Amino acid sequence: MSEPPDDFKPLRLSGGRFDEASVGTVGFPLEAIAELARYERLLIKVARELWRKENPHRTRAPKGFDEQLRLRLTTVTEGCVTPVLLRGQGDADRLFDPDSWMHRAQSSIAEALSAIVGEQQLPSAFPAAARHTLVQFGSSLRPDELCRIVDPSGTDVAYTQAARHHLVGIVASSEVTMDGTLVGRIGELDANRRTFRFSDRSGRRVEGSFRQTGLIAELRQFTDRDAVATFVRLTCRYSTDAEQRVEGIEDVEDVDPIVAADDPLGSRLRHLLELYDGWHDGDGLAPALTAIEWVRDFAAELTSEQLEPLVVGPTLEGGVLVEQQVAGTRWSLEIDPDGEVHAVTVPPEGTPAIEGIKDGEDAVSSLRALTP
Amino acid sequence: MSEHQEDVELEPCEFVLEDDAERLWRQVHPEFVQGHVVLAGAFVGTPTARSKVSTVRSSVRTAKQAFDHHTTLGLTSAGSWAITVDEMNVAGCQAIDDAACEGVETPGHSYIDMRGLSKPARKLARATLAQRATQRGRQFPGVGLTGRSSDRRP
Numbered sequence: 009m010s011e012p013p014d015d016f017k018p019l020r021l022s023g024g025r026f027d028e029a030s031v032g033t034v035g036f037p038l039e040a041i042a043e044l045a046r047y048e049r050l051l052i053k054v055a056r057e058l059w060r061k062e063n064p065h066r067t068r069a070p071k072g073f074d075e076q077l078r079l080r081l082t083t084v085t086e087g088c089v090t091p092v093l094l095r096g097q098g099d100a101d102r103l104f105d106p107d108s109w110m111h112r113a114q115s116s117i118a119e120a121l122s123a124i125v126g127e128q129q130l131p132s133a134f135p136a137a138a139r140h141t142l143v144q145f146g147s148s149l150r151p152d153e154l155c156r157i158v159d160p161s162g163t164d165v166a167y168t169q170a171a172r173h174h175l176v177g178i179v180a181s182s183e184v185t186m187d188g189t190l191v192g193r194i195g196e197l198d199a200n201r202r203t204f205r206f207s208d209r210s211g212r213r214v215e216g217s218f219r220q221t222g223l224i225a226e227l228r229q230f231t232d233r234d235a236v237a238t239f240v241r242l243t244c245r246y247s248t249d250a251e252q253r254v255e256g257i258e259d260v261e262d263v264d265p266i267v268a269a270d271d272p273l274g275s276r277l278r279h280l281l282e283l284y285d286g287w288h289d290g291d292g293l294a295p296a297l298t299a300i301e302w303v304r305d306f307a308a309e310l311t312s313e314q315l316e317p318l319v320v321g322p323t324l325e326g327g328v329l330v331e332q333q334v335a336g337t338r339w340s341l342e343i344d345p346d347g348e349v350h351a352v353t354v355p356p357e358g359t360p361a362i363e364g365i366k367d368g369e370d371a372v373s374s375l376r377a378l379t380p
Numbered sequence: 006m007s008e009h010q011e012d013v014e015l016e017p018c019e020f021v022l023e024d025d026a027e028r029l030w031r032q033v034h035p036e037f038v039q040g041h042v043v044l045a046g047a048f049v050g051t052p053t054a055r056s057k058v059s060t061v062r063s064s065v066r067t068a069k070q071a072f073d074h075h076t077t078l079g080l081t082s083a084g085s086w087a088i089t090v091d092e093m094n095v096a097g098c099q100a101i102d103d104a105a106c107e108g109v110e111t112p113g114h115s116y117i118d119m120r121g122l123s124k125p126a127r128k129l130a131r132a133t134l135a136q137r138a139t140q141r142g143r144q145f146p147g148v149g150l151t152g153r154s155s156d157r158r159p
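Read top to bottom, the protein sequences are chains R and B.
Numbering-wise, our numbering puts 284 at position 276 of the first sequence, and it's gapless, one number per residue.
Numbering-wise, our numbering puts 92 at position 87 of the second sequence, and it's gapless, one number per residue.
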């Protein structure tokens, strides 16, 4: 374990009240000292959440974790006002390295605020549970004041009230957590940490975690970094950002396969799962999952000879078409997103016909009727 | 066809095409073509007019010109397929020339009119037109080109 650093200078303050201090009035304006307390609270919160992520089997941080990371103000250097802080000392008989966690938290905070200053979303690695604490930091800064956030390498980013407003907007509008289902692919699984990588239908990749050890085997059987990974439905708790994109998965209750690469018509159905709203030059809804599953179940009832001539495509309204044209005869099965299904048969000559289809068995009968 | 559409009033700038043999070019998005099969979904109109399916008259533009115009607008096409006026009529639709209408900038523009058809009749018409287009095959580009704009020769 490393020794505690002699000093710790994660912030530099300038402008407004801090300039007055630098040009003659010695010290740190007391009314601004709350920001140092907020920084300490943020540092501890982020460190604790990072520790939890790395130790999913532990329900709480080690004894003395917070105390070891508490900061004390020892000096204020001149120039731009730089509070010199010292990490708290305490029980040396500890099972973790407080300096390591302090630097990791410092780095995570600097990275997050750098993204905010760049008007980007918070990095996915930044702990969701620390977002509100991050928002509180800097709340007393005045419009003409600036706080330079320094990372462990010495690189800094200028954080202002204007940048903080961007953060407030992100957190206020995006902190939506919900229970529901997500469809996508599992690309990586870390059984020890109980985390995984997940790509949703749009290909957006997010981090996921889960509590039940019983899910490890189930998730593992669907985990594949390759593009042919099975599409699955996760019943889970997840968060979304301001644009309702999935931000992260907090816990998983269940996982079910939807379409595997080797399923009948699997390749085409997987392609449909990757289509997004606007796929047709800005028009065209993403095919409904219910329609895709309907076709999957129908295809499972067919022989390889029946499957061979079938083609599968989307409809602009979010449905799915399954068609074939053999010896001039067109057979067209259309599954609407609302579950209504029709089959049309168009012979080379003569009158075409349309019939309502109740279920997959009905559709198989309709297709079989084409064969003399 | 068992059902013909009810009479729909045309704009003064529109008229019904009556040369049964005339071909109309339809640009088909790559998602609606697999192998040689054109899917019925290729015969659906725009969000503002799902029952008006755009085409271009062969008497005014070639299949290549129709394709080039479409892709120059930044729209995706796997190529030009053809349907005759007679085939549209048999499918229960009308072929309408609207090139003279305000706001229409595609030379030789026309459309397959499915207005007034019931939902099942529209499904029948689309499958019938897709069958005819598939039977005739792609008219432009020829073999070896996919029709995507990225494959076009300079």
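To be clear, the hints were calculated from the coordinates, so they are not data collected in a lab.
These numbers come from a predicted model, not from an experiment.
Yeah, the Cβ is synthetic: ideal placement off N, Cα and C, and Gly gets one too.
Incorrect hints may have been included.
[To be verified] Short derived list, chain R residues pointing at chain B, Cβ under 10 Å: (1) R213; (2) L315; (3) P317; (4) V320; (5) E342.
Review point. Which hints, by number, does the structure contradict?
Key: 1, 2
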